[in-house]
Amino acid sequence: MRAVDAIMECLKAEGVDSVFGIPGGANLPTYDALYDAGIRHVQCRHEQGAGHAAEGYAKASGKVGVALATSGPGATNLVTCIADAVMDSVPTVFLTGQVRTELIGTDGFQEADISGITMPIVKHSILIQDPRDIPKAIHEAFHIARTGRPGPVLVDVPQDLSRADIPYEPVTNVHLPGYQPTTDGNAKQIRLAAKALANSRRPVIYGGGGIINADAAREFREFCDSDAFPVTCTLMGLGAFPADSEQWLGMLGMHGTRTANYAMDEADLIVAIGARFDDRVTGKLSEFAPRAKFIHIDIDPAEISKNVPAHIPIVGDAKNILPKFTAEYRALGTDGARLEGWLTRIRGWQEKHPLGYEDSIDAEIKPQYMVQAMYEATEGQAIVTSDVGQHQMWAAQYYGFTRPRQWINSGGLGTMGFGLPSALGAKVAQPGQDVVCLAGDGSLIMTVQELATCVDENIPVKVFLMNNGYLGMVRQWQELFWDGRYSSVKMGSSPDWVKLAEAFGAKGMQVTEKGELVGAFKEALAEEGPVLVDVRVTPEENCYPMIPAGQAARDMVG
Amino acid sequence: MGEPGTKEILNLEDLEASGGIRTGRKHVLSILVENKPGVLARIAGLFARRGFNIDSLAVGATDDTAISRITLTLDGAAHPIDQVTKQLHKLVNVIKIRDLEPAETVARELALFKVTADGPARGEVMQIVEIFRGKIIDVTRRSVIVEITGTWEKIEAFERMVRPFGLVEMARTGEIAISRGRSET
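Chains as they are written, first to last, in the working numbering: chain A, 1 to 558; chain B, 1001 to 1185.
Honestly, the hints are just simulated from the structure, not real lab data.
Predicted, not measured: the structure shown is a model, and the values here were computed from it.
Treat the hints loosely; a few may be bogus.
Stated by the list, open to error - Within a straight-line C-alpha distance of at most 25 Å, the following computed DSS-like cross-link-like pairs (lysine-lysine) qualify: (1) 293(A) x 1096(B); (2) 1036(B) x 136(A); (3) 284(A) x 1096(B); (4) 1135(B) x 306(A); (5) 1135(B) x 1114(B); (6) 490(A) x 1007(B); (7) 306(A) x 1026(B); (8) 306(A) x 1096(B); (9) 1036(B) x 1114(B); (10) 319(A) x 188(A); (11) 319(A) x 1007(B); (12) 1114(B) x 1007(B); (13) 306(A) x 1036(B); (14) 188(A) x 1086(B).
To be verified - DEER-style ranges, computed between Cβ atoms: (15) 192(A) x 1049(B): 32 to 38 Å; (16) 13(A) x 1009(B): 55 to 61 Å; (17) 1096(B) x 285(A): 41 to 47 Å; (18) 1075(B) x 13(A): 44 to 50 Å; (19) 311(A) x 1008(B): 30 to 36 Å; (20) 1034(B) x 43(A): 42 to 48 Å; (21) 109(A) x 1170(B): 44 to 50 Å; (22) 492(A) x 1075(B): 49 to 55 Å; (23) 1049(B) x 338(A): 41 to 47 Å; (24) 1108(B) x 487(A): 58 to 64 Å; (25) 1075(B) x 351(A): 36 to 42 Å.
Ideal Cβ placement from N, Cα and C applies to all residues, glycine included.
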């Protein structure tokens, strides 16, 4: 069997139904095998689009996303996606073509040392040197990508080796002596954590994207409900806990709610689950949650005590640990009344500092209102992807996510241009659900070519463009911290988004009046094909509340 | 230390001070890895990314042909060294890591010294070599080559002793180490 046909067998054995990519010289054999392999290939227009689409597919489905690219520039175009996937722990496999083995190291045409280039940003990478290793390598790649803390794995296949005739036998077990993630969680530590929680009077549960990766939202909910514990989540964790719950404090961190940040500030015990104390969450580290002890549950031991020392570390899979934690806690039969003073204090903050903005009195569309209109039109049920910037934060604040995998964005790397391609990937994974990309005008232009993919591949995503004519978040920082010297943040009048959408063969719409917005969104959602709605919002609105850079939760402004 | 986005101007001393506190203690890491291409690059890359300067590095076979041992010495900072070993553990090809306790470790290094030794100096050099239990493995009219094994400190001491005679050149392997006692490192 040709090695490339073996690759297809491996992909199918791994349950892959769709892949994203672009062919080129070095992966011609792979594409020949793909031709009638029975796997859907979504032909993207740029490798970065393919990579983010694979991420969107993975985030929406929990399955491993796969992107294909050729050698050299094809592979280097994936670099941003790989870095994005490692930061947000997205299970992905990147299959790149490499020049023929005799050309490796000779600066051959379209040669790039992609495994060298990506070494610091992959979970693992495999450069194939013997074609007989290919099936094993593919299965190892999937195993590593999806288990433990998920992440990107690169498999680089030289063109000549991919054409080799190899004996193929299905690989049934993967054995990696140096890779054995701890999944169970130490029982003694869990008991200790339950006791600490039972003794705490001002606890906060702080959940992250790890809960979603572990498919542990249900277990998380049950844990949080074992008393009326107040719950906050990171940007990546939104959806792990329903935003309509009474226990929900909102997102925490730089643009989180005052309630969530004040609660962290005054907490005596913080239970961090699948979260990594990112600087956008902690603000000034020395003043972060100064009164709290920390229980830190994470599958990656390297995250524990990396930024904030954990008093009770528990390494393992949240899905295994949380039920045990809940059971241990319940067995202690603690009186929930001890929390009453704390919950009253929290309610006080919620009443005094709700999320809010000053709505326009005329037809002007405030960006926050746009998110609310989007919520109304989709009945809060759509899968929402976003780019990076102000609109992303407003989406996190105002679209009350109620289920995991509903919110897809680039948190760690903060990749502008992530929204549209990840939306198309999400739609491929979940064709039965509405997928909306809330885009920024600065971001959308970076990967807008994927509208062509949406049209040609019949992937009806809806792009709701929050168009403020600025690189809005940078403008906000320049206004607040750099004396209003607006340096290269204005986007100007190009492009005409409606015409651009139409040029791609999608439907283009523009909305400038508040009263028409919900109707326009509903119309777009009812359309069969992809739609871009250019929404003109207040150009210089700032995203609040905000912890100014390098300051503490107490110093929130706005 | 200031946030990247703010206007605050950073002075150079503050920047340097924020680079991490050195423990001053030498760490010897013994790392068992799968004998595969690219493994050393991955490990070296991790250290480079954390701004660690590797003092010495020795790679060699173990009793198992599929596994190599990397012995690495560095001057570590207390907290980051823990981070680095955890990060090293995340590399799929890394099987086992030990941060060896100096008191419970036997460490040796091999070094070759080419020392100027003519006239009356030759006798003195030979005497020092004897004290350090070294071996002279090559002699010319003006110089000798000395082979010496020992701990890192012993080799440093030898170097200090012979340098005044005229040290032409020196080559060192870097320390290798295993733990004392019956159990495996």
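*Starting from the hint list further up, note which numbers the structure goes against and sort them upward.*
Structure breaks hints 1, 3, 4, 9, 11, 12, 13, 17, 20 and 25.
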